Every structure is written in structure tokens, then in C-alpha cells.
Amino acid sequence: MSDVAERVKKIVVEHLGVEEAKVTENASFIDDLGADSLDTVELVMAFEEEFSIEIPDDAAEKIATVKDAIDFIGKKQA
Amino acid sequence: MFRLDGKRALVTGASGGIGGAVARALHAQGAAVALAGTRQAALDQLAAELGERATVLVADLSDAAATDGLVKEAERLLGGIDILVNNAGLTRDGLVLRMKDEDWQRVLDVNLTAAFRLSRACLRGMMKQRWGRIVSVTSVVGHTGNPGQANYAASKAAIAGMSKAIAAEVASRGITVNCVAPGFIATAMTDVLNDEQRARIQGQIPAGRMGTSEEVAAAVAFLASGEAGYVTGQTIHVNGGMAML
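Here the protein sequences line up with chains A and B, keeping their order.
Per the numbering used here, the first sequence runs over residues 1 to 78.
Per the numbering used here, the second sequence runs over residues 1 to 245.
Don't read these hints as lab results, they were simulated from the structure.
In this text the structure is predicted, and so the values were computed from the model without any measurement.
Even for Gly, the Cβ is constructed at its ideal location relative to N, Cα and C.
Ranges between beta-carbon positions, derived for each pair:
#	chain 1	residue 1	chain 2	residue 2	range
1	A	Lys67	B	Val231	40 to 48 Å
2	A	Ser28	B	Gly161	31 to 39 Å
3	B	Val231	A	Leu38	14 to 22 Å
4	A	Ser37	B	Ala28	32 to 40 Å
5	A	Ser37	B	Ala64	24 to 32 Å
Distance condition first, Cα-Cα at most 20 Å in a straight line; then the derived PhoX-like pairs of lysine-lysine:
#	chain 1	residue 1	chain 2	residue 2
6	A	Lys76	A	Lys62
7	A	Lys22	A	Lys9
8	B	Lys128	A	Lys9
9	A	Lys67	A	Lys10
10	A	Lys10	B	Lys128
To list a few chain B residues with every Cβ distance to chain A over 10 Å, as calculated:
#	residue
11	Arg39
12	Val56
13	Arg92
14	Gly148
15	Ala158
16	Ala160
17	Gly226
18	Thr232
All chains, please: the whole structure from these sequences, using the hints.
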């Protein structure tokens, strides 16, 4: 597992207070992990902070699953 | 009741009459306070009077960068912000027909836009800690209107609307957002009124007197407390019955 994936999952676990096992790559923040719209905004802000990147609103809207986040951040860092 | 021990508050406009009283009230309840304003001498004096748990931050709220910097600096000094009191405000009175764009804009910038920016900046930390209080000092004229104050009334009414929207957004995170709307309070801002204006306004107050800054501060202290956790999106009117809304 890549470093980005690990860090993303750690943030998700911390922010949503869910079990690590539930945070699979295909897990949807809202449908599977119980996040509300405010949680998703908080997550995006946490990702921005953790990885020192900016995630524009239109990109943020498309980040629905753990994998979406990992892919987006991976591309930003590449 | 209403103790604020261990809480950290940022109060803007703390060099003014109401802002100073708010800072004193929160401090008396046990909070650490960051006193923000433009007049360093007045802030230093207040900080010296309060002693421990008081720090001074000079910032011009019409400057966007300074506003964001203010929150960062307050968080650094206090270790976080639990309570934000948007109290800073100014007037540039004039009848609409003669009101200049810059007088409109300046009042909106300082009274409304700064309150928005400060709230946004403070919410980040409040969301993380799952506790926060935002209290904005508005005005009765935001609800009733007042000739010569189109800009000021607009800014204060806008804060009330903004507060309700933010309140709805963050209520699930233990954060409340409310307003305190003073009526006719004896401060430097009301000293500029002439005798005729003063007599006219005072005649409309059932309590028959001007309010005090301390009476406004008491309402702010209540809304800042843990006990007020189920009160959000509201305005407490402190106006001697001048307008019963």
C-alpha cells in the first residue's frame, strides 16, 4: 500500500471515527462510512492540510470514495 | 452557572465600550481573552486591568489578510479559539441620497465581511474540537431600520441572516451561532448623537433609559456559555423594550 493511501485512510479513520477495517478503497464516505456533507468538506480540508495541496471545489465534489481521494492526491503529488 | 473556565475567546472591537465590557465579562467568567482592535493604547490598558489570561492583538479588520492573520495569531497565543465575539463595527451615517459608495462599502467591509471571514477562520478549529460559540453583536436598527443608517442597518441585518445560515451548517458539531442586538447603549458611538436625536430615541424606550455595555455583555456571556448549547441561530435583543421582536 502506498504512503498516500495509508495517510488518507488514517485521516478518514480519525475524522469519521470509523473502524480501520471499514475504510476500504472502494468505500464511499457518505454511503458506507456514514459521513454527512459537512464531514466531506472537513475531510477535503484535512487532506489539503496533510498533503499541503489545494483541492478545488469542482475536484472536491468528485471525491466520493477513499480511492477517489488517493488517486486525486497521488496525481497532485506526481 | 455560565462559567467559562478553560475557554479561549477572541473579542473584536475590544477597545470600544461594548467590546471592552464583553471582554471583561468573559474574563470574569474564567475565559482567557484575546483583545483585538485598532487602538493599541486602549487595548493595552484593558489587558493590564484584566491581568492574567488577557492578550492584545492589533488588527485592521478591513484588511482581508490581517483578518485571517488575526485568527491564526489568536489561536497560537491561546492554543485555540472556543468563543468568537464579532463585536467590531463602525458607522458612516448619511441619508441614502447623499451616501457615498465608499461609506457604504467601508461599513459592509468591517461590520459584515470581517465577521464572515473571522467566523470562517474560527470554524475550522471549532469543528475539530466539536465545540464552539460565535456571538455577533448586531443592532436593533438591523431589525427596525433607522434613517441615516442604510449601510449600518444593512450590515447588521446581514449578520443576523448569515448567523442563521452558519448556525444551520454547524449545529451538529456542537457549535452555536447567535447574535446580541443592543438598542440604545451609552458608548462613544452614541455620544455623537445630538440632543434632539437622543431625546427622540430615549422617548421610545419603555425602560426610560439608555442601556449599559455591561447589560449587553451579560447576554454575550450567556450565549458563550455551555448552558446555552441548545440556543442557536437566535438574536437576543437588549434594548429596554424599545423594539419587541
